[in-house]
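Please model the entire structure based on the sequences and the hints provided.
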Amino acid sequence: MKNLKKQEALNASLNGNNGVIFFAYNNEQIDYIRLAILAASAVKKHMKNNQTCLITDKSSLDWNSKSTTSKVLDKAFDHIITEEPEHKSNIRKFYDSPWTTFECQFENWNKNDVIKLTPFDKTLMLDVDFLVNNNFLDIIFKLDETLMLYTDAITLRNEPPFHTLERRLHKKGIPMLWSTAIYFDKNDEVVQLFFELWGHIKDNWDFYRYLYGFSTKIYRTDFAVSIATHMLNGFVENTLVKPLPDNPMKYVEPKDDIQDVLSDGIRCLSHKPDEEWQHIFVNSKNENLHIMNKKAIDRNWDKLMRLYE
Amino acid sequence: MDDRLERALDFSNFRLTLHNQKQSAKQRAENMLQVQYSNSLFKADQTLINFVKTMRDEGYTPFVVSDVHDNPVQIEDSEIFLEKLISAYASAMNEYIISHEKFKKARSIKRLVEWE
Numbered sequence: 004m005k006n007l008k009k010q011e012a013l014n015a016s017l018n019g020n021n022g023v024i025f026f027a028y029n030n031e032q033i034d035y036i037r038l039a040i041l042a043a044s045a046v047k048k049h050m051k052n053n054q055t056c057l058i059t060d061k062s063s064l065d066w067n068s069k070s071t072t073s074k075v076l077d078k079a080f081d082h083i084i085t086e087e088p089e090h091k092s093n094i095r096k097f098y099d100s101p102w103t104t105f106e107c108q109f110e111n112w113n114k115n116d117v118i119k120l121t122p123f124d125k126t127l128m129l130d131v132d133f134l135v136n137n138n139f140l141d142i143i144f145k146l147d148e149t150l151m152l153y154t155d156a157i158t159l160r161n162e163p164p165f166h167t168l169e170r171r172l173h174k175k176g177i178p179m180l181w182s183t184a185i186y187f188d189k190n191d192e193v194v195q196l197f198f199e200l201w202g203h204i205k206d207n208w209d210f211y212r213y214l215y216g217f218s219t220k221i222y223r224t225d226f227a228v229s230i231a232t233h234m235l236n237g238f239v240e241n242t243l244v245k246p247l248p249d250n251p252m253k254y255v256e257p258k259d260d261i262q263d264v265l266s267d268g269i270r271c272l273s274h275k276p277d278e279e280w281q282h283i284f285v286n287s288k289n290e291n292l293h294i295m296n297k298k299a300i301d302r303n304w305d306k307l308m309r310l311y312e
Numbered sequence: 007m008d009d010r011l012e013r014a015l016d017f018s019n020f021r022l023t024l025h026n027q028k029q030s031a032k033q034r035a036e037n038m039l040q041v042q043y044s045n046s047l048f049k050a051d052q053t054l055i056n057f058v059k060t061m062r063d064e065g066y067t068p069f070v071v072s073d074v075h076d077n078p079v080q081i082e083d084s085e086i087f088l089e090k091l092i093s094a095y096a097s098a099m100n101e102y103i104i105s106h107e108k109f110k111k112a113r114s115i116k117r118l119v120e121w122e
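Heads up: the sequence lines are chains X and U, in that order.
Going by the numbering used here, the first residue of the first sequence is number 4, and it counts up by one from there.
Going by the numbering used here, the first residue of the second sequence is number 7, and it counts up by one from there.
Hints were generated in silico from the structure; no laboratory data involved.
Each hint should be verified, as a subset may be incorrect.
[What the hints assert, rightly or not] Computed cross-link-like contacts, BS3-like style, restricted to lysine-lysine with a CA-CA straight-line distance of at most 30 Å:
no., chain 1, residue 1, chain 2, residue 2
1, X, 69, X, 275
2, X, 47, U, 110
3, U, 32, X, 306
4, X, 78, X, 306
5, X, 189, U, 49
6, X, 47, U, 49
7, U, 32, X, 145
8, U, 49, X, 145
9, U, 110, X, 288
10, X, 275, U, 32
11, U, 32, X, 48
12, U, 110, X, 51
13, U, 108, X, 288
14, U, 32, X, 47
15, X, 91, X, 61
Note that the coordinates shown come from a computational prediction; the quantities given were computed from them, not determined experimentally.
Next up, the structure:
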């Protein structure tokens with residue numbers, strides 16, 4: 004871990020020990036550190052609580068030293084923590100537009116360990132494909148709430164998710180909460196309980212799959228946090244975890260694409276879920292975006308980096 | 007394709023894109039209305055602004071309002087709170103009307119998504 008630099012010390016004194024954390028474990032298809040650099044640069048540009056931390060492993064860092072310079076990495080992150088993941092099989096199907104798919108390992112087994120790993124008291128954990136494009140999330144660090152996440156999401160077409168499994172764990176199941184962005188205060192007892200329970204659910208994934216009645220075999224952290232919240236809330240619908248201020252989360256679906264990066268936003272192509280060959284253009288400006296098509300981010304990485312300079 | 011149908015479908019696409027961009031602008035304005043005060047979150051809508059002003063004008067200080075999560079919050083300094091609400095409301099609505107005016111003038115998808 005690197006020492007605090009002057010600017011970070013200043014931020015810490017102004018904003019308390021707050022920061023944003025990213026997990027990035029590369030696989031054979033996706034350079035997650037490259038995506039994390041972009042996401043952290045967006046945080047640095049738009050947020051005041053902009054100390055950043057990367058959690059990764061040695062092999063990803065080694066690869067990154069070939070794909071980007073250490074200067075870029077150092078500029079994006081104030082802290083780098085090396086933590087080896089559990090390396091359990093978790094093969095996931097990824098989309099890049101409606102026409103291209105690929106499968107590869109998805110390392111998300113240790114996301115619940117963030118409470119032990121974070122160097123910050125108040126932490127916002129973001130997925131590396133979540134791009135911050137405004138300062139709305141700064142508000143959360145000044146609230147009494149100790150645990151917040153996105154409880155709802157909308158597509159680029161401003162519609163709720165088309166697929167049942169992005170709304171509920173199954174057709175008649177509990178609502179799905181999103182683990183894309185989780186804010187927490189690590190010193191709060193309920194928060195500690197939440198992360199402990201998340202770990203327990205992960206360790207007994209097959210049992211909880213059966214109990215909550217969903218068929219997907221891959222380990223999904225969205226589902227794990229939804230179950231943990233449901234259990235901690237007395238097995239009724241969530242009133243425990245409050246939504247983030249810009250809830251619902253806007254997301255670019257895996258079958259959508261980035262058409263171009265503008266001087267002040269991103270122009271996307273949004274597909275129609277029931278007629279996938281039909282698209283509309285959507286200009287996204289000043290809104291936080293969860294871009295699930297990671298290949299699209301990678302294709303436009305240079306242009307997006309310029310947006311966050 | 008019949009020209010009449012082609013023109014109608016072009017307009018249909020334009021309307022869909024226009025509606026979507028308007029929805030996004032509205033969503034942004036809604037988000038900009040959020041105000042943090044006394045470790046709580048409020049929405050600076052017209053109702054809250056009027057209520058706070060009424061309570062202040064009638065000399066009820068401090069008084070209690072519900073935040074966006076329905077928690078009661080005691081407002082100690084109504085002057086600062088009102089100022090924050092009005093400032094957030096003005097910023098959000100000014101940006102919203104600028105976007106809206108731009109959309110009103112756009113007559114093509116290319117103009118809407120700033121391709122030209």
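Hint by hint, here is what the structure shows:
no. : hint          : in the structure
1   : X:69 x X:275  : violated, 38 Å
2   : X:47 x U:110  : violated, 34 Å
3   : U:32 x X:306  : holds, 27 Å
4   : X:78 x X:306  : holds, 17 Å
5   : X:189 x U:49  : holds, 27 Å
6   : X:47 x U:49   : holds, 26 Å
7   : U:32 x X:145  : holds, 25 Å
8   : U:49 x X:145  : holds, 15 Å
9   : U:110 x X:288 : holds, 18 Å
10  : X:275 x U:32  : holds, 22 Å
11  : U:32 x X:48   : holds, 24 Å
12  : U:110 x X:51  : violated, 34 Å
13  : U:108 x X:288 : holds, 14 Å
14  : U:32 x X:47   : holds, 26 Å
15  : X:91 x X:61   : holds, 17 Å
In summary, the structure is inconsistent with hints 1, 2 and 12 from the numbered list given earlier, while agreeing with the others.
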